[in-house]
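Below, each chain spelled out in residue letters.
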Amino acid sequence: MTADVARPDAQVHFGIFFQGVNHTTIWSDPSSGSQIDFETFRRVATTAERGLFDAFFLGEGLRLREQDGRILELDIAGRPDAIAQLAALAGITERIGLVATQNTTYNEPAVWPDG
Amino acid sequence: MGAFGVGIELDGDGYHPAAWRRSGRTPDRLLSGDTVRQRVAAAENAGFTLATFADSILPDDAVPGRIDAVTRASFVAATTSTIGLVPTVATTYAEPFHTASQIATLDYSSRGRAGWIAQRVDDERAAATWGRPVVSADSDLAAEQRDSIEVARRLWDSWEDDAVVRDYASGRFLDRDRLHYIDFEGETFSVKGPAIVPRPPQGQPVVFGVEGAVDVRLVTGTTVDELVAAAAGSDAPRTFGEIAVALDTPTATAADRLADLDRHAPARSTAGLSFAGSAAELVALLTGLASHLDGVRLRPAVIDEDLPVLARLVLPALIRAGVAHRPVPGSTLRAELGLSRPANRYAVTH
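Chains A and B are the protein sequences, given in the same order.
Each residue of the first sequence is one higher than the one before, counting from 0 in numbering that gives the first Met the number 0.
Each residue of the second sequence is one higher than the one before, counting from 0 in numbering that gives the first Met the number 0.
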């Protein structure tokens with residue numbers, strides 16, 4: 000570790016991760032929005048852009064979580080396809096980076112869009 | 000019955016392989032988002048029912064490069080409000096789970112205006128590009144088409160509309176009894192489900208295609224009589240005819256424009272009906288076809304030349320005459336085509 004090296008001009012890049020599902024996302028607050036309506040994604044991405052974030056990260060999952068072989072009912076589930084959703088967000092943003100999680104296991108690298 | 004639907008294909012610069020020579024864009028703008036956005040906006044303002052986006056994993060002579068169709072359609076989803084957005088996604092080689100997820104996502108981002116042209120890929124080079132064994136037998140291609148559509152339809156229904164319960168008392172976000180494994184077992188693939196995307200706004204986005212369990216059958220014919228006969232033989236809920244169009248513009252006749260294009264590259268032989276002439280002649284043709292078809296998909300020779308004429312002279316005349324109908328904000332593509340929102344195949348009375 001060289002924690003003492005001076006970097007007086009250092010800048011930190013901030014990204015925001017929109018997970019949107021699972022136990023880390025709160026739904027029990029009455030003010031929590033839809034996990035799937037496009038308006039939720041529009042609001043977060045455009046707010047992040049306005050707030051000068053560098054990147055908006057969108058997660059991916061290919062299955063619903065289960066417990067003891069049954070679908071878990073307690074957490075938020077249901078999310079968009081990350082690439083298609085980022086393409087829609089690209090149409091209404093200008094500067095923020097758009098980063099999709101895409102599994103490398105069950106997908107075709109040749110057809111990942113670069114739009 | 001819905002009103003007569005009018006669609007337009009917006010891939011590349013037009014159907015003619017030399018279309019780029021007469022295109023209004025600068026050479027570096029073929030793949031830009033602005034080009035897609037401007038053309039779709041022009042089609043929406045004109046009153047088109049839907050725009051389609053062709054696709055291929057292979058380059059062809061007319062379109063040397065393209066952004067994939069789902070991405071193009073999604074890119075304009077949030078900046079349009081009435082036009083249906085219908086990308087082509089292959090049923091050969093492509094994973095139907097991903098296809099179903101992407102079309103459902105487009106249905107959310109467009110608020111119920113998504114469609115899907117389900118189309119086989121009969122080209123061995125595509126298999127090499129995908130890195131997959133070649134599928135070339137007619138029966139195998141048809142089976143992939145059939146199974147891909149079936150899987151997508153089951154996945155779209157795998158969440159009942161009220162699966163999200165947000166039951167504060169019991170702490171449950173979901174009701175698992177309203178989520179369904181689709182357990183599809185085909186000859187070449189299986190899909191368990193459920194979908195990762197909740198049931199899309201339309202329930203079932205509109206599936207287009209020349210074969211399989213589609214909502215809108217796309218039919219062709221080299222003459223009007225053949226096109227009408229093909230439509231009569233369709234067993235799908237709706238039937239659209241394919242027409243390649245070249246129109247007279249204020250500065251050149253359609254014939255002169257096509258002759259100029261053909262000097263640079265011969266037009267590809269098209270299986271469908273080809274129209275070349277004035278706006279009034281096209282209005283007359285479409286008005287006559289409206290008695291036999293539920294709609295048409297127009298493929299312009301040069302988008303930047305033909306779309307302005309369609310927007311200024313053809314669509315307004317069809318709408319004024321009551322043949323076509325301008326889609327309204329807040330409607331869905333299904334509703335514009337006169338298709339009801341289907342019941343969920345898995346739903347039972349709770």
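Derived by calculation from the structure, the hints in this document are not laboratory data.
One or more of the hints may lead you astray.
To be verified - For lysine to aspartate or glutamate, the following DMTMM-like pairs were computed, each having C-alpha atoms within a straight-line distance of at most 20 Å:
(1) B/K191 - B/D224
(2) B/K191 - A/D28
(3) B/K191 - B/E94
(4) B/K191 - B/D137
(5) B/K191 - B/D176
(6) B/K191 - A/E72
(7) B/K191 - A/D53
(8) B/K191 - B/E210
(9) B/K191 - A/D67
Tested hints:
Restraint check: the Cα-Cα separation between B/K191 and B/D224 comes to about 45 Å, which exceeds 20 Å; the hinted pair is violated. Under the criterion of a C-alpha separation no larger than 20 Å, the hint pairing B/K191 with A/D28 is inconsistent with the structure, at around 32 Å. This hinted pair checks out: B/K191 and B/E94 have alpha carbons roughly 13 Å apart, not beyond 20 Å. For the given pair, B/K191 sits about 26 Å from B/D137 by alpha-carbon distance, which is inconsistent with the 20 Å threshold.
Restraint check: the Cα-Cα separation between B/K191 and B/D176 comes to about 16 Å, which is no more than 20 Å; the hinted pair holds. Of the supplied pair hints, the one linking B/K191 and A/E72 holds, its CA atoms being roughly 18 Å apart against a limit of 20 Å. Pair hint B/K191 plus A/D53 does not hold up; C-alpha atoms about 37 Å apart against a cutoff of 20 Å. The straight-line distance between the Cα atoms of B/K191 and B/E210 is roughly 25 Å, outside the 20 Å bound, and the hint therefore fails.
A C-alpha spacing of about 17 Å is found between B/K191 and A/D67, which places the hinted pair at or below 20 Å, so the restraint holds.
The structure is inconsistent with the numbered hints 1, 2, 4, 7 and 8, although it conforms to all the rest.
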